[in-house]
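Engineer: Sequence:
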Amino acid sequence: MSTDTAGGTILAPVRRRRSRGVPKALVWAAVTPFAAWAAARVTGLERGSLTAQLMTATPYIAAGSLLPLLLAAATRRRAATAVALVTTAALGFSVLPRAFASADEASGTPLRVLTLNMLFGHADPGAVMDLVRKLRPDVLSAQELTPGMVEELDAAGLKDVMSHRVLETAWSASGSGLFSRYPLAPLENLFQTIGHNMPAAMLSVPGFGDVEFVDVHTFPPLGSQVHEWNAGLAAFPAASPDRLRIFAGDFNASLDHAALRRFVNQGYADSADRVGQGLVPTWPANNRIPPVITIDHVVIDQRIGVREVSVHTVPGTDHRAVFANLDLPRI
Numbered sequence: 033m034s035t036d037t038a039g040g041t042i043l044a045p046v047r048r049r050r051s052r053g054v055p056k057a058l059v060w061a062a063v064t065p066f067a068a069w070a071a072a073r074v075t076g077l078e079r080g081s082l083t084a085q086l087m088t089a090t091p092y093i094a095a096g097s098l099l100p101l102l103l104a105a106a107t108r109r110r111a112a113t114a115v116a117l118v119t120t121a122a123l124g125f126s127v128l129p130r131a132f133a134s135a136d137e138a139s140g141t142p143l144r145v146l147t148l149n150m151l152f153g154h155a156d157p158g159a160v161m162d163l164v165r166k167l168r169p170d171v172l173s174a175q176e177l178t179p180g181m182v183e184e185l186d187a188a189g190l191k192d193v194m195s196h197r198v199l200e201t202a203w204s205a206s207g208s209g210l211f212s213r214y215p216l217a218p219l220e221n222l223f224q225t226i227g228h229n230m231p232a233a234m235l236s237v238p239g240f241g242d243v244e245f246v247d248v249h250t251f252p253p254l255g256s257q258v259h260e261w262n263a264g265l266a267a268f269p270a271a272s273p274d275r276l277r278i279f280a281g282d283f284n285a286s287l288d289h290a291a292l293r294r295f296v297n298q299g300y301a302d303s304a305d306r307v308g309q310g311l312v313p314t315w316p317a318n319n320r321i322p323p324v325i326t327i328d329h330v331v332i333d334q335r336i337g338v339r340e341v342s343v344h345t346v347p348g349t350d351h352r353a354v355f356a357n358l359d360l361p362r363i
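Residues in the sequence shown are numbered from 33 upward in steps of one, following this note's numbering.
For the record, the hints were derived by calculation from the structure and aren't laboratory data. Any given hint could turn out to be false.
To be verified - Listed next, the in silico SDA-like pairs over lysine to any residue satisfying Cα-Cα at most 25 Å (straight line): (1) K191 with S206; (2) K166 with S139; (3) K166 with K191; (4) K191 with A202; (5) K166 with S342; (6) K166 with V237; (7) K166 with G189; (8) K166 with D192; (9) K166 with A187; (10) K56 with A105; (11) K166 with P347; (12) K191 with S204; (13) K56 with L82; (14) K166 with G180; (15) K191 with R165; (16) K56 with A122; (17) K56 with T113; (18) K191 with F132; (19) K191 with Q224; (20) K166 with P215; (21) K191 with P218; (22) K191 with M234; (23) K56 with L99; (24) K166 with D350; (25) K191 with T345; (26) K191 with S139; (27) K166 with K56; (28) K166 with D186; (29) K56 with A67; (30) K56 with L117; (31) K166 with V198; (32) K166 with S204; (33) K191 with R144; (34) K166 with L199; (35) K166 with A122; (36) K191 with S236.
Based on the provided sequences and hints, a complete structural model is requested.
Structural biologist: What follows is the structure, encoded as structure tokens:
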């Protein structure tokens, strides 16, 4: 403000200082991709092969979403901060429960399960047997099981501890098989197999009774196979009130995929998720890149208890073995 010689007053316009902070557009550019990811994860809107593959990175995106939240808060962009906060919360609630145990104290008939994708039969048979001797599984669910791998495992001693078996081997990724300490009987027409061989069997557990067991190996969601991948997961039967059922194997899916969540929500639970091990990655193993995604699972009837879940690296294969120590309840 200034005064002229005639005594009048001249009002000079007040100039607003331009913000020297981070531009608003840049803040939104940082927030928006994470918000879109959260929306896709929460609503299950992933579509097509590329988005199905990307969705396995959700745990890392959840951690990364803290960065745009801090940026928006630091620059005092209120709208962007609100969106970023909701995004981080949505991703956090989707991911973090897998890191915390939610299972009740288990009490029942024990059943020990081990599952391993053997990479076209290239898993080290001696290492597999070392794991069998160490963990003492009652059932071994094997994927990418070749006839030659069966011979090598038996030569290493598997036939002496797991003489019961239902096998659908092949000289390709399609081979699968169940090995057991307890009697097994093939179970036909439990579901339509869409994917690799997925033998199902009735497992007779001494002192308990029968449990249905499925060796899982869906197609991966690559290219046009994404449609068979979705259909394969959708074909699995819902839980039965008068039967306990266990699915163990390479699902080629994580709990961040809507297709797997839809299946699990039909009366099942992921055993690793129940004991706070649901974020332990299982693929790729024995590679320059460390394991980053969790696609191998032991999925159980939600009435089954879980004592322990552990993940183990086996030489010769790109998948890690998953071991689950379970408790079968009376129904």
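Engineer: Next, verify each hint and record whether it holds.
Structural biologist: For each hint, the structure was consulted:
1. K191 with S206: holds (22 Å)
2. K166 with S139: holds (23 Å)
3. K166 with K191: Measuring from Cα to Cα gives roughly 16 Å; hence the hint holds.
4. K191 with A202: holds (19 Å)
5. K166 with S342: holds (12 Å)
6. K166 with V237: Holds - the C-alpha atoms of V237 and K166 are around 21 Å apart, at most 25 Å.
7. K166 with G189: holds (13 Å)
8. K166 with D192: Status holds; Cα separation ~15 Å.
9. K166 with A187: holds (18 Å)
10. K56 with A105: With Cα atoms ~12 Å apart, K56 and A105 stay inside 25 Å; holds.
11. K166 with P347: holds (16 Å)
12. K191 with S204: Since the Cα atoms of K191 and S204 sit roughly 22 Å apart, the hinted pair holds (cutoff 25 Å).
13. K56 with L82: violated (30 Å)
14. K166 with G180: holds (24 Å)
15. K191 with R165: Holds. K191 to R165 sits at ~13 Å (cutoff 25 Å).
16. K56 with A122: Within the cut-off at roughly 23 Å; holds.
17. K56 with T113: At roughly 11 Å apart (the allowed maximum being 25 Å), T113 and K56 satisfy the hint.
18. K191 with F132: Answer violated: K191 to F132 is near 38 Å, above 25 Å.
19. K191 with Q224: violated (30 Å)
20. K166 with P215: Holds - the C-alpha atoms of P215 and K166 are around 22 Å apart, at most 25 Å.
21. K191 with P218: holds (18 Å)
22. K191 with M234: The hint holds at about 19 Å.
23. K56 with L99: Holds. K56 to L99 sits at ~15 Å (cutoff 25 Å).
24. K166 with D350: holds (21 Å)
25. K191 with T345: holds (22 Å)
26. K191 with S139: violated (30 Å)
27. K166 with K56: violated (58 Å)
28. K166 with D186: holds (17 Å)
29. K56 with A67: holds (16 Å)
30. K56 with L117: Answer holds: K56 to L117 is near 17 Å, not above 25 Å.
31. K166 with V198: holds (23 Å)
32. K166 with S204: violated (29 Å)
33. K191 with R144: Holds: K191 and R144 sit about 18 Å apart, inside 25 Å.
34. K166 with L199: holds (23 Å)
35. K166 with A122: Since the Cα atoms of K166 and A122 sit roughly 40 Å apart, the hinted pair is violated (cutoff 25 Å).
36. K191 with S236: At roughly 18 Å apart (the allowed maximum being 25 Å), S236 and K191 satisfy the hint.
Taken one by one, the earlier hints fail for this structure at numbers 13, 18, 19, 26, 27, 32, 35, listed in ascending order.
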